[in-house]
Amino acid sequence: MKTRKEIVTNWLPRYTGTSAEEIGGYVLLVNFNQYVDLFAEKFNVPIKGKDRVMTSATYNDITIINFGMGSANAATVMDLLSSASPKAVLFLGKCGGLKKINQLGDLILPIAAIRGEGTSNDYFPPEVPALPAFNLQKAVSTNIRNHQLDYWTGTIYTTNRRVWEHDEDFKNYLRKIRVMGIDMETATIFTVGFYNSIPTGALLLVSDQPMISTGIKTEESDRQVSKNFVMKQLEIGVDSLKELINQGLTVKHLKFDYDEH
Numbered sequence: 001m002k003t004r005k006e007i008v009t010n011w012l013p014r015y016t017g018t019s020a021e022e023i024g025g026y027v028l029l030v031n032f033n034q035y036v037d038l039f040a041e042k043f044n045v046p047i048k049g050k051d052r053v054m055t056s057a058t059y060n061d062i063t064i065i066n067f068g069m070g071s072a073n074a075a076t077v078m079d080l081l082s083s084a085s086p087k088a089v090l091f092l093g094k095c096g097g098l099k100k101i102n103q104l105g106d107l108i109l110p111i112a113a114i115r116g117e118g119t120s121n122d123y124f125p126p127e128v129p130a131l132p133a134f135n136l137q138k139a140v141s142t143n144i145r146n147h148q149l150d151y152w153t154g155t156i157y158t159t160n161r162r163v164w165e166h167d168e169d170f171k172n173y174l175r176k177i178r179v180m181g182i183d184m185e186t187a188t189i190f191t192v193g194f195y196n197s198i199p200t201g202a203l204l205l206v207s208d209q210p211m212i213s214t215g216i217k218t219e220e221s222d223r224q225v226s227k228n229f230v231m232k233q234l235e236i237g238v239d240s241l242k243e244l245i246n247q248g249l250t251v252k253h254l255k256f257d258y259d260e261h
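Here this note's numbering is used: position 83 in the sequence shown is 83, and no number is missing along the way.
In case anyone wonders, no lab produced these hints; they're calculated from the structure.
Hints may be right or wrong, so weigh each one.
Okay, the calculated beta carbon distance ranges per label pair [unchecked claim]:
id, residue 1, residue 2, range
1, 127, 162, 21 to 27 Å
2, 223, 122, 34 to 40 Å
3, 100, 170, 17 to 23 Å
Under the rule of at most 30 Å between Cα atoms (straight-line distance), these lysine-lysine pairs were calculated in the DSSO-like manner [said to hold, decoys possible]:
id, residue 1, residue 2
4, 99, 5
5, 232, 50
6, 227, 100
7, 242, 100
8, 217, 99
9, 217, 87
10, 42, 242
Since the model is a prediction, treat every value here as computed from it, not as a measurement.
From the three backbone atoms N, C-alpha and C, an ideal C-beta is built for every residue, glycine too.
Construct the entire structure; sequences and hints are all you get.
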């Protein structure tokens, strides 16, 4: 294998158990098997890749993939998906809510992400902003309202550092930059998606309130959030992609005109 295309096409089934031809035109990315299990049960479809590092399931033209956690995995799955050239990729993630107004179970629709993870620097210089595809986020916004829910919008800080809740200096930094939430994948997905000419978006679920000691995620608190809110987040994601499919809408609203790679 000599070209990047040859590599990612060969590696996609090695990681997911699914070939590029089997990937739907629209992709949901998630961090936990619960999402894949719920999707497979809802649509009565098999789960593939149980013996691989990334499980997936496909219904009609929608494929859901659990790529794991962290920016390195996020970059890897976006690179692998370049072999399938999906029309849209929507990340359904969990995040820490950093504002006092945030409550567990709230939805955040990011308008941008700050690249604090470092991984995306291998794709673009640090000054290039991490932005979603506007038309994809617009479809998600419409479907949140169709489910008679509301959402917050704002900027997400993406970090490679998982254990930081004890660090007051870092928490003061987060207050200064006025971000709405923090996670480990959103900026990477936006950036590597743009690098690979894949329109991307994100819908994040507030799973903890890490700025206060009583709000730091525990096994029990996360279990309750997953039980009470994950299915609705998944339904909104699926319905958003269905809207794009059924109405024949495109979310690729700009040309990716930089040098081919």
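Between the alpha carbons of residue 227 and residue 100, is the straight-line distance 30 Å or under? Holds, because 23 Å separates the two Cα atoms, which is no more than 30 Å.
Holds or violated: residue 99 and residue 5, Cα atoms, limit 30 Å. 42 Å, violated
Between residue 42 and residue 242, is the straight-line Cα distance small enough, at 30 Å or below? 15 Å, holds
Restraint status (C-alpha distance of residue 217 to residue 99 at most 30 Å): 15 Å, holds
Honestly, do residue 127 and residue 162 meet the 21 to 27 Å range at C-beta? Given about 26 Å between the Cβ atoms, the range holds.
Proposed proximity, residue 100 with residue 242 (alpha carbon, max 30 Å): 34 Å, violated
Quick one, are residue 217 and residue 87 close enough, alpha carbons at most 30 Å? 34 Å, violated
Has the hinted range 34 to 40 Å been met by the Cβ atoms of residue 223 and residue 122? 35 Å, holds
Taken at face value, is the distance from the CA of residue 50 to the CA of residue 232 at most 30 Å? 24 Å, holds
Within 17 to 23 Å or not, the Cβ separation of residue 100 and residue 170? 18 Å, holds
Hint violations for this structure: numbers 4, 7 and 9, all remaining hints satisfied.
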